[in-house]
Structure formats: structure tokens, C-alpha cells
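S.K.: Residue-level listing of the chains:
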Amino acid sequence: GAGVSQSPSNKVTEKGKDVELRCDPISGHTALYWYRQSLGQGLEFLIYFQGNSAPDKSGLPSDRFSAERTGGSVSTLTIQRTQQEDSAVYLCASSSGGAPETQYFGPGTRLLVL
Amino acid sequence: QKEVEQNSGPLSVPEGAIASLNCTYSDRGSQSFFWYRQYSGKSPELIMFIYSNGDKEDGRFTAQLNKASQYVSLLIRDSQPSDSATYLCAVTDSSASKIIFGSGTRLSIRP
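For the protein sequence lines, the chains are X and R, in the order given.
The numbering of the first sequence is my numbering, which starts it at 1 and goes up by one.
The numbering of the second sequence is my numbering, which starts it at 1001 and goes up by one.
Simulated from the structure, these hints should not be mistaken for laboratory data.
Incorrect hints may have been included.
Which residues of chain X face chain R? A partial, calculated answer using Cβ under 8 Å [what the hints assert, rightly or not]:
1) 41
2) 48
3) 51
4) 55
5) 102
6) 105
Ideal Cβ positions, reconstructed from N, Cα and C, are used throughout, including at glycine.
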């Protein structure tokens, strides 16, 4: 079946603009994660959705970052008033929520803030 | 102290040798442990997971877990140039609600 998809694959924006990044998880997967990966660095956890539970937002770096998941499927990560330090690859992953949780990653969105 | 620590490398190993990648974690309540491989410019892909003490083998890969020492490792036997990548160690937190990643070890297999 189809894997995790993300759009856009690349995004160039100007400092101060808002951006929206989209993630379509694997069908039937109840858990969805957003990560950020800066060049040469590991994955930084941002936010986690599990079913209808309240999301774990503990990784969001500032109040400029928000995410929602509509209908338990598609998720959108929004970054308001982008800054140059927001430039990174934003990765989405989904899992079935079973134990152990194995995550399947999308191809990522490469964000460049000029 | 970082929650999941890995040596950043690069780790250089001759083709055909055994590559040994190590990871330590700080949360004693962690239950599940993962190794991901990430090629340059690509997304991480799961290689193995382990959640019981001891060894788990899958083909050329062996994951080793020692919860008492809070240590997990990945052995790659008969290393191939195609194994050259960054290897990410990941650990669930004690609530099992999220997975914490290490910063990765860059492995280079020299022909």
C-alpha cells in the first residue's frame, strides 16, 4: 500500500511569512509524529498525535509552531512568522500504535527560510 | 545529559568486517529500542527493533540490549559499501508515548 506522503517536498519562503506543511499517514495508522532535522543533526521531536487523544506538544520549540490532525488522518504543521533558524527538513512519521511502535517516515519537506 | 547518546563518528570500517554501533539512553523506564538507517538526503528507515535483554539477529544485523547498563548496540556483519549511512538509535520514553532519537553515527565502509 501507499506509504507516508508529505507536501510540498521543498519550500522556500521569506523570513516572516507563514508556511503550512502537510502529511498524509499510512491508511489506518492511528499515531502520527512530526520531527525536525537540521543539516547533519539528529531528529528533533516536535509533536505526536495518537487517535482522539490530546496531542503531545512538548517538542514544539515556540508558539509560532502549531499542528493539527483532521479526522484522525491528514496532519498540517504550521509555522508562523518564519525565522531563518526554522530552515530544516520536517519529517512526518506514522505508526499503527501497536507495541512495539515502529514508525514509517515520509520523504520530508525541505524548508528554506531566506 | 542527552536522553539518547551516540558517537557521531564517522566510523570507518573495511568491507567485510564487523561494524559495531553503540547507543546509551538515560530513561530507565524505556521499553522499546530501534535502529534506523538514514542515507544522505533520505528519510530514516527502520532496520531493527528490540525490547528484551539479549541479542536479536536479522540477516547480517544483530541488535544487542542491556537494560541494566542502559546500552543498546547494532552489529553489522560482512559490511558492504551499501551499508555506508547514518545510523540512528531511538528509544521510547517511559510512558511509551513518543520515541526519542539520538543524533546518529555516520558509518563509512571502505572497499
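S.K.: It remains to establish, for every hint, whether it holds in the given structure.
M.R.: A quick look at each hint next to the structure:
no.: 1; hint: 41; in the structure: holds, 6 Å
no.: 2; hint: 48; in the structure: holds, 5 Å
no.: 3; hint: 51; in the structure: violated, 12 Å
no.: 4; hint: 55; in the structure: violated, 10 Å
no.: 5; hint: 102; in the structure: holds, 5 Å
no.: 6; hint: 105; in the structure: holds, 4 Å
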